[in-house]
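Read top to bottom, the protein sequences are chains C and L. Okay, so the first sequence: first residue is 1 according to the numbering used here, each after it adds one. Okay, so the second sequence: first residue is 1 according to the numbering used here, each after it adds one.
Each hint should be verified, as a subset may be incorrect.
[What the hints assert, rightly or not] For the chain C half of the interface with chain L, some residues (derived, Cβ under 10 angstroms), not all of them:
1. GLU4
2. ILE13
3. THR35
4. ILE54
5. ASP97
6. HIS100
7. MET119
8. PHE137
Derived by calculation from the structure, the hints in this document are not laboratory data. Even glycine gets a Cβ: it sits at the ideal position worked out from N, Cα and C.
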Amino acid sequence: MSYESFRLPLRLIALAFLTVVIQEAAVSQISIFGTSADLTPLVVMAVGLLAGSIPGAIMGFGVGLLVDLLLFQTLGVTSLLYIAIGYWSGRLRELRDPSHGLVPMGVGAAATAFAGLGMALIQFLLGVDSPVSFLLFQQIFIAVLVNTLLALPVYALVKRVVEPTLPQDPRRRRRRAYTTGGLSPLQQSRTRLGPTPRGAR
Amino acid sequence: MHSKQVRRRRAVVAALVVVSLILLTAYFGGSSNNPLHTVQRGVVTVFSPIQKGASVALSPFRDIANFFSDTFKAKSQVAGLRTEVHALQAKLAQAEYAASLNSQLSKQVGLDSSDSIASYRPVTADVTFRDPSLWYATVNVDKGTADGIRMNDPVTGDGALVGQVTAVGSNFSIVTLITDHTMAEAAQVEDPGSDTGVLVPAVGNPNQLVLQDLPRNASVQTGQIVNTVGFKAGQLQDLYPPGIPIGQVSYVGNDLANNGQVQVTPVADLRHFDVVQILTAPHAGTARAQLPTG
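With the hints as extra help, turn the sequences into a complete structure.
Written as structure tokens, this is what we have:
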């Protein structure tokens, strides 16, 4: 086992810890339209989109467990929701390999909505004694909007942290090379075959 | 090769889901002394200094962001608050006279005032972590058993009741706010009949509580203050001392006549306070009463 093989897990552990600390110590204390942004599902989503389904699911489990531990909540609830977010973000990358720059916004919105509605569902299953206001759905909607705006910067930050440690994906390498113009099929053939003879033109 | 990868992926996800479900089941069904709670308490104790450091380090960012929202909110409140101040000044004079009369009469009658708020020792604590979710209204604070804090101690902030201590370690406490769905308090309206009921949160709306079980003919009106009741019967004592303001009646409507309930807005701004006071000691009663929540 070399240091290289530990680079991604070490970075993900540091990222998870920093995210939870910054979220709970600062971001959750800033009120925007009566609710707060939640960076944790966005970070899990970004790791899934960048690193794949297994790292995404493990990151989801870890971040969820850390949130539940540090905030003294029922253990396992947040983990369960974040595993799904990390896994499906990763599957989206593996199955579709979306390249559009706004994909993190859409996936971030879906991840936040899933976390909000999923938490409500689990709490109802565990039993709620208090009356539930319809404003719950309004609050979830506002949280989704706020997180959608934050999804791109969060994705960019996570990309800077995670991408240098990721193994090169052949599909991505090929597409990147093609789109930058450095290795188009025409240039490749010319390089391979050498200069075209004058009489052939 | 491909099927091996698929099997491995599915096995990892299944294992994580199973572990989460086991944790959830064991934690939810267990008592507060089960090993998971102990582990959780240990983890928070270890991380508490880091939480405190992070909270202090990140406070400038928090303050800048809150400056803008607070400024806009304050501007919209100015006119209403000026009117309210005039009305309250008149009420204050009457209340001071009533308080002095009450004090004299209590001494003459020999009323037991050992459960009053004056007999508690307040411990000031800083908020280090805050839960952002709509379901868990809790905050972590930086004082614990080393400072004399115990489970179920009442917590005030922003001039009103904000919650109670629901978990405590040597250097931290978890305060569950009155808007958490597990909370319920006995409360009294400052109306001519001093009507009492049970104050519960309205899940999903962090700025609203519901005062239930009021008499249907109660003379409750919008704007009246809702306080803690604070009863004491032999060894049995309410969790909260009497007379701590909790909220203000914000809407009465037909719900009072039909269901015996009114809507209450918390006095404290529960999303913004940074400092709380935990009322510790005297714990005169050996048994403390709490409304059933489940």
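Consistency of the hints with the structure:
Residue-level restraint check for GLU4/C is violated (minimum Cβ-Cβ distance to chain L is 21 angstroms; threshold 10 angstroms). The beta carbon of ILE13/C is not positioned within 10 angstroms of any beta carbon in chain L (closest approach about 14 angstroms), and the interface hint is therefore violated. Look at THR35/C: its Cβ gets to within about 8 angstroms of chain L, closer than 10 angstroms, so that hint holds up. Residue-level restraint check for ILE54/C holds (minimum Cβ-Cβ distance to chain L is 5 angstroms; threshold 10 angstroms).
Given the 10 angstroms rule on beta carbons, the hint for ASP97/C is violated: about 16 angstroms separates it from the nearest Cβ of chain L. Nearest Cβ of chain L to the Cβ of HIS100/C: about 25 angstroms, over the 10 angstroms cut. The hint is violated. The beta carbon of MET119/C comes within 6 angstroms of a beta carbon in chain L, closer than 10 angstroms, and the hint placing it at the interface holds. Taking 10 angstroms as the C-beta cut-off, the interface hint given for PHE137/C holds, the closest approach to chain L being about 7 angstroms.
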